[in-house]
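Novice: Sequence:
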Amino acid sequence: VSVPLVSVYARGGADLMHATLLLSALIQFGFAAARLGKYIKLVGDPAVYGFLNAVGLLLFKSQANSFKGLAGPALPATVGLTALSAAVTYFLPRLTTAVPSSLAALLVCTPAAVLLRLPVKSMADVAGPETFAGGAAVLPRVYKLLPDVGALGGPRALLAAALPTALSIAVIAYLQSLLAAKVVVEVCDSEELACAVTDKDATLAGIGLGNAVSAVLGGIGGCGLLPSTVLNMKSGGRGKCSSVTYALAMGAMVAVGAPLIGPVPLPALAGIMGTVAARTLQVKPTLAACRRA
1 VSVPLVSVYA RGGADLMHAT LLLSALIQFG FAAARLGKYI KLVGDPAVYG FLNAVGLLLF
61 KSQANSFKGL AGPALPATVG LTALSAAVTY FLPRLTTAVP SSLAALLVCT PAAVLLRLPV
121 KSMADVAGPE TFAGGAAVLP RVYKLLPDVG ALGGPRALLA AALPTALSIA VIAYLQSLLA
181 AKVVVEVCDS EELACAVTDK DATLAGIGLG NAVSAVLGGI GGCGLLPSTV LNMKSGGRGK
241 CSSVTYALAM GAMVAVGAPL IGPVPLPALA GIMGTVAART LQVKPTLAAC RRA
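Under full-length UniProt numbering, the first residue of the sequence shown is numbered 1, with each subsequent residue one higher.
Don't read these hints as lab results, they were simulated from the structure.
Some hints could be false.
To be verified - As a list, the in silico DMTMM-like pairs of lysine to aspartate or glutamate whose alpha-carbon atoms are at most 25 Å apart:
id	residue 1	residue 2
1	61	125
2	38	199
3	284	45
4	144	15
5	182	199
As the list claims (entries may be wrong) - Pair by pair, the computed Cβ-Cβ distance ranges are:
id	residue 1	residue 2	range
6	155	114	52 to 58 Å
7	35	114	49 to 55 Å
8	238	259	27 to 33 Å
9	250	130	15 to 21 Å
Quick caveat: nothing in here was measured; it's all calculated off a predicted structure.
For glycine and all other residues, C-beta sits at the position ideal for the given N, C-alpha and C.
Please model the entire structure based on the sequences and the hints provided.
Specialist: Here it is in structure tokens:
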């Protein structure tokens with residue numbers, strides 16, 4: 001969702017981005033009101049496999065940036081910490097599911113990197129220490145309730161500038177979120193897990209509401225993401241409570257626990273996301289589909 005907004009921000013700044021995101025939220029409400037959620041079933045299994053494989057490969061590619069330009073002691077330290085994180089994430093669920101394996105990987109790798117003074121980059125090194133200051137200063141404030149149509153050139157100019165991107169954002173959010181829900185159903189069925197039933201139209205309405213609030217607070221919006229969904233499921237999440245807990249924990253960490261996140265080493269995150277990428281790839285179903293073709 002954030003990718004299409006880059007060009008919007010470049011053309012019209014934060015005001016045009018705010019208007020575009022509000023318009024996309026309105027379109028998403030329209031999708032929900034028209035009950036278009038049911039049409040996600042028209043997306044066949046081969047398309048889902050291709051989507052999942054693309055996501056998995058993109059995740060692998062994004063994590064490869066952790067190793068770019070490394071030499072000397074930094075290279076083995078980064079590789080070793082990544083391998084340790086991946087091993088904890090992959091093997092811990094075989095021993096216990098009382099603690100999410102990804103959280104355990106961070107709890108193991110972060111102290112190891114700090115105490116051993118490993119030459120690896122941390123979150124604070126990349127984003128800057130001020131990003132992880134925490135406190136009331138990081139809490140969102142109202143940016144603007146409604147766009148200033150006159151300042152953006154009038155209704156026609158605003159629609160011409162915002163509508164194409166708003167529509168693309170709404171469609172991307174529709175596909176991403178409902179494909180993630182579709183994958184949840186397939187994983188639950190294949191692994192015989194008891195998972196909550198997803199109301200597709202309520203999901204679309206919720207995304208629209210969330211993006212509208214995000215725009216008012218000066219955010220960039222979002223949608224359901226498959227990697228986060230898979231990570232949630234692999235950590236033991238089975239219903240709406242896990243999603244709510246994820247959101248509340250994220251907010252609490254930003255406001256209160258941010259100083260604890262800054263020292264987290266990037267290789268630890270690379271190891272976690274590498275295991276998510278590996279689990280996202282649909283190798284067997286893809287090969288089976290190729291044989292049938």
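Novice: So, for every hint listed, does it hold in this structure?
Specialist: For each hint, the structure was consulted:
| no. | hint | result |
| --- | --- | --- |
| 1 | 61 to 125 | 21 Å, holds |
| 2 | 38 to 199 | 9 Å, holds |
| 3 | 284 to 45 | 13 Å, holds |
| 4 | 144 to 15 | 9 Å, holds |
| 5 | 182 to 199 | 11 Å, holds |
| 6 | 155 to 114: 52 to 58 Å | 55 Å, holds |
| 7 | 35 to 114: 49 to 55 Å | 52 Å, holds |
| 8 | 238 to 259: 27 to 33 Å | 32 Å, holds |
| 9 | 250 to 130: 15 to 21 Å | 19 Å, holds |
Violated hints are absent here; each numbered hint is respected by the structure.
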